[in-house]
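The opening residue of the sequence shown carries number 1 in this note's numbering; numbering runs sequentially from there.
Source of the hints: derived by calculation from the structure; they are not laboratory data. Bear in mind the structure is a predicted one, so any value in this text is a computation, not a measurement. Beta carbons: idealized from backbone N, C-alpha and C, even for Gly. Among the clues, some could well be false.
Here are the simulated distance ranges between beta carbons [unchecked claim]:
no., residue 1, residue 2, range
1, Glu893, Ile484, 52 to 60 Å
2, Ile484, Glu963, 47 to 55 Å
3, Glu512, Ser835, 55 to 63 Å
4, Thr43, Met328, 45 to 53 Å
5, Ile1235, Glu963, 37 to 45 Å
6, Ile484, Arg191, 32 to 40 Å
7, Ala298, Thr331, 22 to 30 Å
8, Gln173, Ala298, 33 to 41 Å
9, Thr331, Thr487, 31 to 39 Å
For lysine to aspartate or glutamate, the following EDC-like pairs were computed, each having C-alpha atoms within a straight-line distance of at most 20 Å [unchecked claim]:
no., residue 1, residue 2
10, Lys66, Glu26
11, Lys768, Glu855
12, Lys771, Glu805
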Amino acid sequence: MPSNLVGAIIELGQKRKNEELKELLEKIKPAQLIDMVVSNIQTIDGYTVWHFTLIGLAFSDKCSEKRFELIMAVLRHMNEVELSTKQMFDLIARLLTDLPSLTPEQLVEICELCVESIRAGDPKCLSWKHLLPQTLVQLQGGNVGRFNANGLLLTGAEYRQKVLEEIFKMKLQPAILTPLCGMFRDLHLMRDETSIFVTKISDSIRHIEPLELPPLACQLFHVCLKYSSLLVIPLMSLQRYFHKNYYKKVLSNANSDTTDFDSIDRYSDSEIREAEETVLYHLSNVTEFRVDETQIVAMFKPFQNNPEVLLTPFIVGALLAMSRINRMPDTSDVVSSPIMAFLIKLIAISEKERDMCSQSAWCRGRIDMSGALRIDQLFGVLTDNSQDGKEVVTPGVIHFAFALLLAKKQTKLHSIAINFFQIFIKRRFIFGSGIIAKIKKFLFADLEETQFNVCLTTLSLTNTLTVSECTDTVHFIMDYLLLINGTYAMRFMAFIFPLLRVSHTIRDRYIEVLRKAMYNGETSTRIMGVFGFCSLLKQLKNNNSRRSILGTQGGCYTQMTISGMSLLSQAAYGSPNNPNIHFDMLTLEIMGILRKCFTQTVEVREMLYEALGRAVEFNTQLLPHVLQFIDWHFESFFEFDKCVRYQRALDDDDLPDEQRPVVVYDNVGLLTAFMIRCVVLCDQHEVQHETSAVKSTLQLIVDRIDNLSMEEVGLVGTMDIKGAVIASQYLNMLEAAMAYCAWKATPDNGLLRSIVRLFKHHQYCFEKFKKMEPKKSNKKQLTDNTMNTTTMPGSAKGGAFFKPENIWDLGTMERVLRITLDNSTAYGGDEDLKSFRSNRDLQQYILRIACQKLESLRALPDYWQVNHSKRIFSHLCECTKLVYDRCVKKTTELLGNGGLLVAQMAVDCFRQGLTSALELYERKFNDFLQLISCTMGTSFKKDLLQNLQTIVDEYFGDGSEPEPIGEKIVVGLLQCLELLFKSPVITQDYLTQAYDWLQNFCINTKLKLKSFTIVHRILFDLRLRTQTGAYFDSVAMRLELKFGQIAEDETNPLFHFKSITSATAEPTFHCLCAVTRTQIEEIEHLILRTNSLMGRLKVFGLNDTDETSQLLKSIERSICSQLVHILTTLTHLCNANLPLGTTMDALIKLLLLMYACLANLSRHFLARHAIVPVSYEVTKFNLVVKSSKPLASRIYDLIPFIEENIIGQDEGDEAANSAKAKSNRDKVLRQTKLIPKLVFRIETFNKIVTQLSKKRRKI
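Between the sequences and the hints, there should be enough to build the whole structure, so can you do that?
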């Protein structure tokens, strides 16, 4: 034998002398051969020796055992020494080519060695990773029959199953999980096998180091690819891992300042975040082109009714990572993404549950929202995660917010998205330009939708500099405003205003756009131009008025548009010595453009007066320019019929006067009110401008306006279209004169007497004008003849021929209310004040107008931005405060001294004030209540509620018969209480106290009018929000006795309501049906929630799910207990002799809903048997079945009762009137059409219960 065996083997092998190599190897003893190969395995020639040795042994039949001994020795040695990955792979790859030549028993022995290596769990010895799958494949070959495996005769498939079960049962070391997953990628697993393996590995994830987690996750995702629905298992495990190690701390410290420098946690935050980001990266790559979004949504859909499980930072990030729009944001559409639609649905369900918990005490006890992540918190965490270069899901997060914005009629989702963009752009301003451009894409898609406009306006306010840098987008939007209706354009214009302060280029472009709008052919576009210029004037200051297109010298500021000013004025304003030179010159330029309004139609002028009036109130520096601009126009009016003129000159063949179209070119009343506003502001702010001429004209109007006769005004005989316009303007002039007197009233001038005089004349004229209206038959003819007529608002609008509108603004309304209701004597002498404040007709008129003004706030167009106006909020608070403090709190006193109408108007006004404040200023509603309550400290809400409750108690305390006006007052007070109870600022303590008060009220008070049923509606709502348990069955017993029982039955209610009388029984029944329907809908939602919990048990198995099982049982018990109460209530209602028609229909529809709910609950228990059986006694479902039997019996008794009553009606009517009998028969069909459906649902429920009983007996 050669001295150098290794060299000889290599030489013979390279020269392909296989016969000589075979002979050489046959001569070598097995021990010597094994020692030679093993000792050289780690050398540079190790693979070559291994390769040629196997070749030589393969040609010798005598050496088959020697070869196998060598193979096993090498494999054992590989488990003892540390080889490089390449060395190990090369050695195993070479061995794999010889596997077909091994016997089954030898292959089994190799498999056993691999299994033992896996059990040892040494991460340095991973030869089994590539060897075991191929060995099992060889054993399953077609030529391999049964073989001996450890004393058992097994087929290849059976042995494979045995090996897999052994691996599934063994305790795996965390260090080998990643290569093990890599091995299982090569095994062709069935779905159940994949599920067991993925679940086992996912359970071990909690022990993995952060740096080792990404490769393990990547391999695990690949294992799940064949059965993509199993991806949810590792994702849920990863969610628990990241929550425990990172997000739990982040969310608990959300409101505190923490750093990671002194952390004593096992892992640092940066390690966890890097691991999470890498996992999301692998998830995106693995699922791309392999799993579509529909499959992804399907795997998470079973959990959608547990939104708190999915709405976590990691799961949302995972969903976004798997979405197509995250990978290709420029070529994908957010609207067509199933993942985005699914996320929107999750958030909608989450918000719905929050609303349910706030409105239902029962839901609060069943749905734990304390651990659920708020959506704004979720977006905050996702925003934080996108920083420091971790951008894997940043495109998806941004488009997720856009998906929320695109949701139809989901204002809560819109506000969430807007808040996200607001914060995100502040932190990641580099994305600002792209986001603004994306908003522009959707801005004009649907002009009726406002969310994108609100979003752009909010971003402009909070990120002004970032938005101002998007000049191309801003210029495009401004130019586009000329192409759409002016009403929509004014709404879109709001986002430009904050930019005007910081960007002179945007301001100058804006002015050019508005100049074009002023010359546009569309009236609405010209109105938009006026509104835009006035809004610009509103925020104009000297520091933001410098025109970029002009030079630095003062003489350059004279422009052709300032043609209305004298040369002396231009020279004075344009002088370099003028400290406000830029403000004055730009203001003069805009005023020159606005002068065109005086050649426009009345709509343009009305917008000018309203918008310019708001501008001077906000920016009093405009007053001198505005008064110079407008006073000549105001002074040009001397006769009040001059506000109406014919469209063209008269010809001989012209139509008669009553058929000639009328064109209104100005509204003198609004013009006068605007002048009054300017004069008052000049006096209040001591503006140095001469206003004596205007004041003289206004005083002349006050003195002489009521001296005009009907003939002088131009109203004689029957009122036509022209007369209606003149009449409306004349009344508006009287209102403007009263407003001037109110603002200028002092103890010295006696203007309060003028107000009383003008009011009496106003009322006289109004009644006179109403009498002059044509009859109804003539109204239609006059309206048809003037279809193309431009008229005053209210003159012939909405089908009303003469319907004038009061022109007082909210500031004037506050002033008039203060004079009327305040104790101050600063407005007139004692006699004048007494005469003014004792005039009940005037008080009623003022309160009625105040009520209309407070109500109209909610109907104002969006472009006025009422909900952002501090001035309007202040006026709203003051008006409501005066009415509450001076009238509402003294309602009992007013009722005693005959002030019924005043009290009614005051209560209506107070209610409108509360409604407007709650709708427009919900965030400030707590401040609003504090301002109007006149109470110091924190007890203002308690005092406000107690005052209103005391007034109601005092009204019913004397026991007298209610009057019609008194009825309206009490109903109005109860509506105010209902508004307060539904507001978010009233806490549970106040609601509980209110419930106790109303409960005692209903027990002790007899309500004699149908409208007082509002008490029961409020009481039932408070009961739902504050209490749980049996309650409504006692109300149903009282109704059963009040309507009369179909079958005699003894009732034992917990309480007795005197408030349920013959007058209130039927509407109370409808209130009870409504609250019962709400309870059933809550149960339906909880059933869906239990189905999701059951889905978790189905997906994850029963390991470590005791908490989920207990939660499921708890919810099921609560559902069954609540259903028992509802079934008892419905049983009593079914025994009531209800009137046919809407009342009976309401009951039958409620029963249909009830049995649909019972069927869904039964199906839930039926499906649960396949996962984990449960005792019906534990969940109280047996009580539900027991309680449903009396209800079914009552329903089957009710059906013939309904039919008999209908037949009896038909027989009684048919003798008298056959036509009415036919109508009644049609009514029978309508009233009985739901009965077959109800019977079918009862039988369906009984069928499912029978199936459940059979399954229960089998267990």
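Here is what the structure says about each hint:
| no. | hint | result |
| --- | --- | --- |
| 1 | Glu893 to Ile484: 52 to 60 Å | holds, 55 Å |
| 2 | Ile484 to Glu963: 47 to 55 Å | holds, 53 Å |
| 3 | Glu512 to Ser835: 55 to 63 Å | holds, 56 Å |
| 4 | Thr43 to Met328: 45 to 53 Å | holds, 51 Å |
| 5 | Ile1235 to Glu963: 37 to 45 Å | holds, 44 Å |
| 6 | Ile484 to Arg191: 32 to 40 Å | violated, 56 Å |
| 7 | Ala298 to Thr331: 22 to 30 Å | holds, 24 Å |
| 8 | Gln173 to Ala298: 33 to 41 Å | holds, 35 Å |
| 9 | Thr331 to Thr487: 31 to 39 Å | holds, 36 Å |
| 10 | Lys66 to Glu26 | holds, 9 Å |
| 11 | Lys768 to Glu855 | violated, 27 Å |
| 12 | Lys771 to Glu805 | holds, 18 Å |
In the structure shown, a violation is registered for the earlier hints numbered 6, 11, in ascending order.
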